[in-house]
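With the sequences and hints as input, model every part of the structure.
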Amino acid sequence: MAVTTLTIDEVDVAVEAGSTILQASQEAEIRIPVLCHLEGVSDVGACRLCLVEVEGINKLLPACVTEVSEEMKVHTNTPRLQEYRKMIVEMLFAEGNHVCAICVANENCELQDLAVEVGMDHTRFSYRFPTDRDVDVSHERFGIDRNRCVLCTRCVRVCDEIEGAHVWDVAERGEVCKVVTGLNQPWGEVDACTACGKCVDACPTGAIFRKGVTVAEMERDRAKLEFLVTAREKKEWTR
Amino acid sequence: MEWAELQEWADQARQKRKNIRVYCCTSTGCQASNSPAVKKAMDKAVKEANLGTEVQVVSVGCMGFCGQGPIVEVENSQDPNHYRLYEQVTPEQAPSIIKGLQGEIVTATPGNPNHPFFAHQLQIVREHSGQIDPESIEEYLAVGGYQGLHHSLFEMSPEEVVQEITRSGLRGRGGAGFPTGLKWSTVAKMPPGQKYVICNADEGDPGAFMDRSVLESDPHRIIEGMAIAGYAVGADHGYIYVRAEYPLAISRLEKAIKQAKRNNVLGTQIFGSAINFSVEIRVGAGAFVCGEETALIASVSGGRGVPRPRPPYPAVVGLYGKPTLINNVETLGNIAPIITKGADWYASIGTGKSKGTKIFSLTGNVIYNGLIEVPMGITLREIVEEMGGGVPNGGQVKAVQTGGPSGGCIPADQLDISVDYESLSAAGSMMGSGGMVVMDQDTSMVGVAKYYMEFCQEESCGKCIPCRAGTVQMYDLLKKLLAEEATAADLAQLQELCDMVKATSLCGLGQTSPNPVLSTLRYFESEYQDLLQPAMSKV
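So the sequences go chain by chain: A and B.
So for the first sequence, my numbering puts the first residue at 1; every next one is plus one.
So for the second sequence, my numbering puts the first residue at 1001; every next one is plus one.
Derived by calculation from the structure, the hints in this document are not laboratory data.
Incorrect hints may appear among the rest.
What the hints assert, rightly or not - Calculated cross-link-like contacts (lysine-lysine; reagent style DSS-like; alpha-carbon spacing at most 27 Å):
1) B:LYS1044 to B:LYS1099
2) A:LYS86 to B:LYS1040
3) A:LYS86 to B:LYS1479
4) B:LYS1341 to B:LYS1189
5) B:LYS1018 to B:LYS1099
6) B:LYS1016 to B:LYS1044
7) A:LYS235 to A:LYS224
8) B:LYS1044 to A:LYS73
9) B:LYS1189 to B:LYS1018
10) A:LYS178 to B:LYS1479
11) B:LYS1502 to B:LYS1353
12) A:LYS59 to B:LYS1502
13) B:LYS1040 to B:LYS1255
14) B:LYS1099 to B:LYS1040
15) B:LYS1016 to B:LYS1258
16) A:LYS211 to A:LYS178
17) A:LYS86 to B:LYS1480
18) B:LYS1016 to B:LYS1099
19) B:LYS1189 to B:LYS1353
20) B:LYS1322 to B:LYS1016
21) A:LYS59 to B:LYS1353
22) B:LYS1016 to B:LYS1047
23) B:LYS1322 to B:LYS1341
24) A:LYS178 to B:LYS1502
Stated by the list, open to error - Stretches of chain A that chain B covers, calculated by requiring three or more beta carbons in the stretch to come under 8 Å of a beta carbon on chain B:
25) 35 to 46
26) 53 to 65
For each residue, glycine too, the CB sits at the ideal point set by N, CA and C.
So, in structure tokens, the structure goes:
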């Protein structure tokens, strides 16, 4: 195994060549905040929370898709990065309905955790909510509240890449972007949906939920997704 | 078809040209002012005057003087002094123009071919625009078309073609100005196998119509450029990604591709050589972000047009995962002349690092608007005040916006800067693809920033958060400023947002979207300050 050595926040790290900065930092137990990244599915570099500074490069680089290189010097938590991350989380909170007290995912929500992590206690930006983002509970077992969606597209990727059903996709653009099921049909009418629930497990917020779950009751089993990925990739089908 | 045969055909086409040619612009701009009817009336007038043997009415592409359209030009090959230009021609004036050939008085408004609008131009990409019928391959052959392709295939190795383009100093005309030769050589160096060439015709900047005009006026020039590029980098297939809002460009391209295939300048074994190259059109639904290379590739391959992080660059991993060369329309329009006239000739035009010419669509508060092709290094003042004739009704130029939504506003006191990649970017703007909007003293610069921000927030693909949510917040703040409800804290927040969106967005669209705000803040900060409200007044 070829090894690349680099420093992350002044810590020397040796990782398998070809790893991403995010993988290297996980190995070194240095936490980089992520939202659109989900273990087991492809990375899209969309949430920009994992941006890091690399010495000698002017641009900020997304840790999830940037490969390590020899003697790279990475900084993951500079004041500038902290400020940008905070602004990104604030903008997300301003964008939709992220009122934790009435959310199924309260206390089990990655967006909520991120807010705590970046030290956000209020948003400085003007609220865009309420908008005409809709709620779809036409599926017999699940529902989606698009007001709580952060457009991380984890549901899209998990459904496409692990379940192979590709029920989810993104429609429209800009602020009115939304995840849709089928060709923008009500979820309950989409024949391709296998009702596997992987999208529910993948969703970082309370946007996609199981029906009959009340406030702060939602729980997810992410290990299930990781198990499926290992099973498929390494043919290890037993836990 | 062999080259000799094609040449014979070109000769025939040249011989078929009649002594007097009446050029009627039938590009989108002039069509909008009824030029097809003018062309029809001209044909009728020629018939009625029994001049069919001497006079030929030709439907041609854009002559550039779009603001004064429909434009009619009369050229007499026997008598070079007999050159006439007419502006804003109506169908009723057609008989008078034809009778004018026999010495009668013409009622149509004469134009001045020696006007600085024309005199300052140097046409390379647009050399045939307005001179040939874009729907006829014979006309293109008659002016030396496809010679560059033939020369490349039979007298140059692919490496030599890449070297020639590198030596010419040509830089990408899509906006970023990346050295074209370097791009070509990167794709050429990738291991042999399936590669692609894509022509980016997804022009979406507000106020820009250069690429559309080039495609409408001389589609074969672009096809030839693509075929040369394909030979140079080892690609046998090309796509033209053109937006659906350009129906005339699409139909003329379709015709040109058919003609080129039929005459074996496209397809298998071009000119009897071992080289194959085919071209297909992909019509895009019209999204600004699809001009971004990776989003364009996603769209061509049938996916949602959203960008992905680079690297890997398209030159390495592009369309269907294969090495892909993406060049803008105007860049490809420069290829054939560089091959036929040589890199040294091309490199002698322009400035130290910006070679050749650039097409701009000059619009806004200027007397003469339209398309211009000028050598790099010309000053902004020459373009705006001399070619464009300055602001109408004796007004003053306040600023010139260049580079579209990714560009910025250059204030009037900097009009003497040289128009090249470096100078424009030093002034806080950019070359962009060539939109140039002149603004007069009555223009609100905050309003301008708001206009561009509205465009950016609507056109954001929504994939990355800073661009999707940040542009919306910036737009809101600009609205608040213009409504005279904003305080100094709002302005500070606007600046913070500019900084954040620029630094953190995924693709070029997001990274450059704060530019109109930043450049207007840089030169016209007082206008922002004047709109601010005292912080305590609302408490």
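Exercise. Keeping to a limit of 27 Å between CA atoms, is the pair of LYS1016 of chain B and LYS1047 of chain B held or broken?
Worked result: Distance ~18 Å between LYS1016 of chain B and LYS1047 of chain B Cα, so the pair holds.
Problem set entry | Distance restraint between LYS1016 of chain B and LYS1099 of chain B, which requires alpha-carbon spacing of 27 Å or less | Holds: LYS1016 of chain B and LYS1099 of chain B sit about 23 Å apart, inside 27 Å.
Exercise. Within a Cα-Cα threshold of 27 Å, do LYS86 of chain A and LYS1480 of chain B meet the stated pairing?
Worked result: 23 Å, holds
Problem set entry | LYS235 of chain A paired with LYS224 of chain A [C-alpha distance capped at 27 Å] | 15 Å, holds
Exercise. Taking only the CA atoms, is the gap from LYS86 of chain A to LYS1479 of chain B under or equal to 27 Å?
Worked result: Holds, at roughly 24 Å.
Exercise. Going straight from one Cα to the other, do LYS1016 of chain B and LYS1044 of chain B come out at no more than 27 Å?
Worked result: 20 Å, holds
For this session: Would you check the hint for LYS59 of chain A and LYS1353 of chain B, treating anything up to 27 Å between C-alpha atoms as holding?
Result: 24 Å, holds
Exercise. Is LYS86 of chain A close enough to LYS1040 of chain B, meaning Cα to Cα at most 27 Å?
Worked result: With a Cα-Cα distance of about 64 Å, the restraint between LYS86 of chain A and LYS1040 of chain B is violated, given a limit of 27 Å.
Problem set entry | LYS178 of chain A paired with LYS1479 of chain B [C-alpha distance capped at 27 Å] | 25 Å, holds
For this session: Below or equal to 27 Å on CA atoms is what counts here, so check LYS1044 of chain B against LYS73 of chain A.
Result: 75 Å, violated
For this session: For the pair supplied as a hint, LYS1016 of chain B and LYS1258 of chain B, confirm whether the alpha-carbon distance does not exceed 27 Å.
Result: 22 Å, holds
Problem set entry | LYS211 of chain A paired with LYS178 of chain A [C-alpha distance capped at 27 Å] | Holds: LYS211 of chain A and LYS178 of chain A sit about 21 Å apart, inside 27 Å.
Comparing the model with each numbered hint stated earlier shows that hints 2, 8, 9, 20 and 23 do not hold.
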